[in-house]
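Be aware that the sequence shown starts at 1, since it is given in our numbering, and climbs by one per residue.
Simulated from the structure, these hints should not be mistaken for lab results.
If you're wondering where the values come from, they're calculated on a predicted model, not measured in any experiment.
In this text, a Cβ means the ideal position worked out from N, Cα and C, and glycines have one as well.
A couple of the hints might just be wrong.
Claimed, not checked - What follows is a list of derived Cβ distance ranges for each label pair:
no., residue 1, residue 2, range
1, L87, K313, 33 to 41 Å
2, G299, V60, 48 to 56 Å
3, I96, S568, 41 to 49 Å
4, A75, V463, 17 to 25 Å
5, I61, Q585, 38 to 46 Å
6, S154, A325, 29 to 37 Å
7, W150, A467, 40 to 48 Å
As the list claims (entries may be wrong) - With a straight-line cut-off of 20 Å between C-alpha atoms, the simulated EDC-like cross-links for lysine to aspartate or glutamate are:
no., residue 1, residue 2
8, K57, D148
9, K520, E470
10, K520, E483
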Amino acid sequence: MQTNPIDVAPIQNRSLIQRFCGRWLISWKLLAINIFLSMFLIIGGDLSRSDQNTNIKLYVIFWLLGYLLVISFAAIMHLTIFKDRALHPAPLWMAISYQVILGTLFTVSYQFGCGISGLSTKMLPPAHVILIFSICLNLQFTSSAIADIWDEVSSQHRKLIEQRVQVQLLELSQKQLQEEFRAELNTELEVALKKLNEPLIKTLQEITNGLARIEPAEVSSAIKVSAQESVRPLSKTLWQESSNTIKRPPLSKIVAIAISTYPIPTFWLTSMIVITQSINPFLQLGFWRGLTIFVFTAGVTTAICTTANAITKRRQKLYLPIFIAVFILLQFRRYLSAQIVARWASNQDSPEVFVTQIIINAIGFVGISTLIAWRRVNVQALNELQLDIKEQQVAAIARSKQAAEVAREMSSVLHGAVQTRLVACAMTIDNSSKSGDETTLNLAMLEALSILQAPLPISQSEVTLGAEVERKLALWHGLCAFELQIDPRLVDVTNPEPREVGRIIEEGISNSIRHGGASKIAVSVMSGAEGSVVVQIDDNGTGINKPTQGKPGIGTAMFASTTGGSWSLSSLEQGARLLAVIPAQKN
1 MQTNPIDVAP IQNRSLIQRF CGRWLISWKL LAINIFLSMF LIIGGDLSRS
51 DQNTNIKLYV IFWLLGYLLV ISFAAIMHLT IFKDRALHPA PLWMAISYQV
101 ILGTLFTVSY QFGCGISGLS TKMLPPAHVI LIFSICLNLQ FTSSAIADIW
151 DEVSSQHRKL IEQRVQVQLL ELSQKQLQEE FRAELNTELE VALKKLNEPL
201 IKTLQEITNG LARIEPAEVS SAIKVSAQES VRPLSKTLWQ ESSNTIKRPP
251 LSKIVAIAIS TYPIPTFWLT SMIVITQSIN PFLQLGFWRG LTIFVFTAGV
301 TTAICTTANA ITKRRQKLYL PIFIAVFILL QFRRYLSAQI VARWASNQDS
351 PEVFVTQIII NAIGFVGIST LIAWRRVNVQ ALNELQLDIK EQQVAAIARS
401 KQAAEVAREM SSVLHGAVQT RLVACAMTID NSSKSGDETT LNLAMLEALS
451 ILQAPLPISQ SEVTLGAEVE RKLALWHGLC AFELQIDPRL VDVTNPEPRE
501 VGRIIEEGIS NSIRHGGASK IAVSVMSGAE GSVVVQIDDN GTGINKPTQG
551 KPGIGTAMFA STTGGSWSLS SLEQGARLLA VIPAQKN
């Protein structure tokens, strides 16, 4: 099999401006995380120094006010100066100025709150400003780097896979290959369903053969349970498989690589240790002695890591013992810092605080090393795939993606034609039992038995939209009454794909019957803007509590995948209305 080469430049390292001054300069998720982390760094130490004269309520109010000012200023910058930061990163000086203002806004409110609440501080205001600013700046830049690395690897991964797979997908789209996937998947699903539904099938066979007494309520309940606990999980699993075609390296492998092959991340490790372990010395010793501990911590940590990396560069086989030695030395450095603070301060850290900081130090050491290793492993794997990819690898990925599409189709079949018909049979059994109609009762049980015993229906579709709509309605014959209205101009349309329109109609009918208990459904298929098709499904069921855009689930995923989010579900005076817009495909 020959493939056309695709030229893609190797993955480049992003600059500091791209990482710190672009998309992640203002991120609400990162801001929330940073606020949460700084809460432990700042409020924990303050509350430990409070006494009975401290007005904790006032302190908390001004502490929260500081964060409100930070969020407000971030929102203003997000809507104005930094609006296009994702495409055009801000200058570094502007990003740093932004962080300085954030730190100042919080610190002013925080310091004022400490003063009027009676919480004494042992540092001069300028020193406190520098300390709080350092915490905020480090948290912001560290979290921005982590988020940017994650986004960089993920986006490059998706882009590369798509570019490499597209060529192969054209060659692997033959009907024979799809049918092979479908047959294999069909066999696996039938075996799984048969195993799950054997007790129910046996019960229905005994009833229909006159060997057991009919208990409509129990039979109806058993059928509903089968539909929910056997069919639905299989359908959900199939749907999720479509987004899982590429395997990522396991975390255990990344950790093993981090402690055996990669240089120690000196900058990030030093920053983490300095920020997490230099706050208490400032609080206990004052500014100048606290600054001494700050410099000692940063200098010793940097010296240990730099020396270890220099040795490792010459003797790579000794990396693991060097990694362990660095780990031990960093803990010993923490012990020395604690001894110095104890000599200078009248109150020293409790053993619990010391042990906690040792644990945080250890977790941070391994965690940061793992993060850097994760990024390098992924980038290295992507570059290797990019520069020296083989035809067999591409074909395997393409087949996996093709199989995922077949899995989506089978998920739709399970979710609609199997699960919903079972629930409809259960509803018919309930209704006929209440009305005393034994003929309808027996027919419903036979129908449920045939659904459980029959092979999975093949996912089919018609060439034209009109024929596909008629075919979908025919699947529900006998279970519900239908009214169909279709724009004559759409009968012979092939764009949007009739299969996609059919999926929306089937899922809408499924929801009306299963969730609303509808007995009558009106389906309208009309022309929309720019060649789109508008599907409206009204039913006479129980309706819904309030208008909604749906919660994430199998049906919601199908709607979102087909419409791109242009759908809604709302209540009528009697029943519910589904409105979906299926866009035309662009050539």
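Status of each hint after checking the structure:
The hint said 33 to 41 Å for the Cβ distance between L87 and K313, and at roughly 38 Å that hint holds. Checked against the hint of 48 to 56 Å, the C-beta distance between G299 and V60 comes to roughly 37 Å, which is inconsistent with it. A hinted range of 41 to 49 Å for the beta carbons of I96 and S568 is consistent with their spacing of about 45 Å. A C-beta distance of roughly 52 Å is found between A75 and V463, which places it outside the suggested range of 17 to 25 Å.
Separated by about 56 Å at the C-beta atoms, I61 and Q585 break the suggested range of 38 to 46 Å. For S154 paired with A325, a C-beta distance near 35 Å keeps the hint of 29 to 37 Å intact. About 46 Å separates the C-beta atoms of W150 and A467, a value consistent with the hinted range of 40 to 48 Å. This hinted pair does not check out: K57 and D148 have alpha carbons roughly 38 Å apart, beyond 20 Å.
Our distance criterion of 20 Å between C-alpha atoms is met by K520 and E470, whose separation comes to about 16 Å. Straight-line distance between C-alpha atoms of K520 and E483 comes to about 8 Å, which keeps the hinted pair within the 20 Å bound.
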